[in-house]
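Based on the hints, put chain P with the ligands in the right spot on chain A.
If you read the sequences in order, they're chains A and P. According to our numbering, the first sequence is numbered sequentially starting from 859. According to our numbering, the second sequence is numbered sequentially starting from 17.
Mixed in with the good hints, there may be bad ones.
What the hints assert, rightly or not - Capping the alpha-carbon separation at 25 Å, the derived lysine to any residue pairs in SDA-like fashion look like this: (1) A:Lys1019 / P:Gly62; (2) P:Lys39 / A:Thr1104; (3) A:Lys871 / P:His148; (4) P:Lys77 / A:Ser953; (5) A:Lys877 / P:Glu112; (6) P:Lys77 / A:Arg945; (7) P:Lys153 / A:Gln1022; (8) P:Lys39 / A:Arg1105; (9) A:Lys871 / P:Asp132; (10) P:Lys77 / A:Ile957.
Derived from the structure by calculation, the hints contain no laboratory data.
Here is how the chains run, residue by residue.
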Amino acid sequence: MTAFQQISVAVGKGFVRDKASLFFTFLLPLFFLVLFGILFGAMEGSESTLEPIQYIAPGILSFGIAMSAVFASALTLVSWRENGLLRKLQLAPVSPFTILTSRFSVTVIVAVLQAALFFAVAFLPFFGLRLESTWWMAVPLFLLGVLSFFSLGILIGSVFKTDQSASAASNLIVLPLGFLSGTFFPLDFAPSWMDTVSLASPLRHMNDGMLALLVRGEGPEALLVPCGALLLFALITTGLAGYFLTRGDQ
Amino acid sequence: MNKEDGGVNAVAVEALTKVYGGKPVVDGVSFTVREGEFFGILGPNGAGKTTTLEMMEGLRKADGGSVSLLGASPHPRNTSLLPRIGVQLQSSAFFERLTAKEQLVTFGALYGVEADRVDDVLALVGLTEEAHTREDKLSGGQRQRLSIACALVHDPELLFLDEPTASLDPQARRNLWDVLRGIKDRGKTIVYTTHYIEEAERLCDRIAILDHGQVIAMDTPDALVRDLDTRVSMDLPQGVLSLDEVRSLPDVQDVREEGSKICFTATDTNAVMHVLSERGDAGHLQTRTASLEDVFLELTGREYRS
Ligand SMILES: Nc1ncnc2c1ncn2[C@@H]1O[C@H](COP(=O)(O)OP(=O)(O)OP(=O)(O)O)[C@@H](O)[C@H]1O
Ligand SMILES: [Mg+2]
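Just chain P, with the same shape it has in the complex:
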């Protein structure tokens, strides 16, 4: 394990590559995750998040590059490393027809964990009341939480979660954030993927944005937003200025009507404010500063991937 800016690396990924049908779906991905860090991987559908994660977990063989987890290589299967990592797969995997509690007892036994830890883990993910509900009778969100519980049952040092908050209701998502923060507070390292940008912004110490199998940006959420040289979105209520008057404001683009507002973008907020305040209309102007979502859309393009 090498030391970099004071922290020990729990994960080191170097030039990781995976090719399917002649097409690279993960293309030279490199990053490190420090011990105790919460690291997020964001990217549109098909960007290669799951593929990257599963190569890190040792479930898929990389076509190029290397992965080091806690100083060891996950591939080929390394049984001394396995108890130190916990994995939640994108689709939940359970023993058929067992209850929530029985699943945890079984997964726990695979790791030599005492059955009395199971109740704590169930409580941690808020499934105490569903302890005796069979896996096939749980709701989608409950299955998701059980799946995370199964990854936690042996108290791993390093946790991989593939879209853990997908299909959760807002309340359950927030509860899960608390669970994840609690895990981080106990010094565990978390690598996770998500499509919820504001969630990544709140949870992650650092974020990598993945697109077409490549890391196109990686930094703390704040730095990503700060570095984005984007235009500021603004809007005015209809009737304050006409469309043509808006168009004549300094360096204004994308002028359009949206319902009761006129929306546009500009690079220099102050110049626009100046003109408006001369007319006594500044009080009507609404500005919206760049969010991580803007960074994401700016970098990955707005079109949907097929």
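Isolated chain A (complex conformation):
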């Protein structure tokens, strides 16, 4: 196997063997789905043109993926630095690009599985989610979203050097992003400053694009702005992470 494949396999096995994080990764989005499904079910008949489940499902999924992708990538970097593996990797003839992309490939696979499980449950008659036929066009958006969360996690892991500080920082960043980005309540009702601030959040753009494609049935042109914004976010965070990582080199 190539170095790329073997690192992915190693990280993947490490992930599957960590039962606690496996549990949270796959059940957290479902938990939110149930919670909000019940909550919004009670508000049936409000003025929104969409059924509540149509509106909240993409947001909850993005949020769940953001949580696990940011945490996993931040904590991987922290633990690799703490146990010295980062230095062993530095001594091996593999490029940082290979290491990062193979770690990223695991994040993508996990996110795809999260989405598959989430939709399987959301399609149940109790929730009654229906997707537009254009849903597959959201795949590039989905991947860029995962990339943004991954690079945000790497940035957090390059700034914060311990388990505790990195997970605290991940919480402090991802939770407010969820509120800011229309995951838990529609931004239509939010003050306009919030709407402006949320433009800096990758979750906001992922939500916008997913809503447009998955449930509003808009065309691919609705993806241009969200995809561009996510790409920009990923580039900036990766650049910053690169700066902090090389600066910390003794």
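Just chain P with the ligands now, with coordinates in the frame of chain A:
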């Protein structure tokens, strides 16, 4: 690569310096290691062994001086040099939750090594039975051996080991000595640090003693012991001579009672023997010749470093 007394240098370190917080922790260290040589670095805690080793490996940037490994500079990162060197860090570094065998397969893949070499390396360090044990379930000594195996998996020419025998039981240490000798016999160069002096004496072709970041002695183990102009330790059973009588022997110092013995040191063994044999007591005298440990303690001082 320059040739010196017939051998090719695998390592050349010149005036290497590292400063932390204004204080030099490695201070003008120079030495060369010939190809195929087993070179030991000894020194008390905090002497700068790990810092020296990690500058040689290219993991830390030197503040002064130069390092050449197999004719190339390790810093900045040199990917054509990396496959030729193997490094075991002072603390073991593994992929989380992988088994011993999976670690080796993964590290091997980083170097493009076929997975079938892995079983040989596991056997080499005596971990065949633990092949399917997860890294977090291995004992301290087993982790240490796995860590060495990870440094060997790509069959490097030049091996850096930072305290490889720390936390091993006596049996495992001796097994590891055999492993290290086997590696040396295949023509590899080894640079290693240890606190076990008698181990360095047995394994190393040459030893550098490092203290406060400086090389204070460097030679073959035999020559280091020979050059040490130290006093010889002696002891007599209690009751043969009184303390005062011992003190009156020629050039005797450090006279003290230790349990059932009277211990003292002298420079001239023969003079003491002469006096004792006149009294018919020579048969009771025990002498202990200088060991590398004496050299080490003499040179670095007996007090512990804080
Ligand atoms: N990153 C660092 N920042 C500041 N000081 C450091 C750093 N690394 C090492 N030192 C200091 O440099 C000195 C030498 O440390 P080093 O780890 O090289 O010692 P050592 O000889 O390997 O000791 P030991 O036998 O305990 O492993 C110590 O006083 C240590 O505190
Ligand atoms: Mg050390």
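The hints, checked one at a time:
1. A:Lys1019 / P:Gly62: Holds: A:Lys1019 and P:Gly62 sit about 24 Å apart, inside 25 Å.
2. P:Lys39 / A:Thr1104: At roughly 24 Å apart (the allowed maximum being 25 Å), A:Thr1104 and P:Lys39 satisfy the hint.
3. A:Lys871 / P:His148: holds (13 Å)
4. P:Lys77 / A:Ser953: holds (19 Å)
5. A:Lys877 / P:Glu112: holds (13 Å)
6. P:Lys77 / A:Arg945: This hinted pair holds, its Cα atoms lying about 13 Å apart.
7. P:Lys153 / A:Gln1022: Answer holds: P:Lys153 to A:Gln1022 is near 24 Å, not above 25 Å.
8. P:Lys39 / A:Arg1105: OK: P:Lys39 and A:Arg1105 at ~21 Å, within 25 Å.
9. A:Lys871 / P:Asp132: holds (20 Å)
10. P:Lys77 / A:Ile957: holds (23 Å)
Against the hints set out earlier in the document, no violation occurs for any number.
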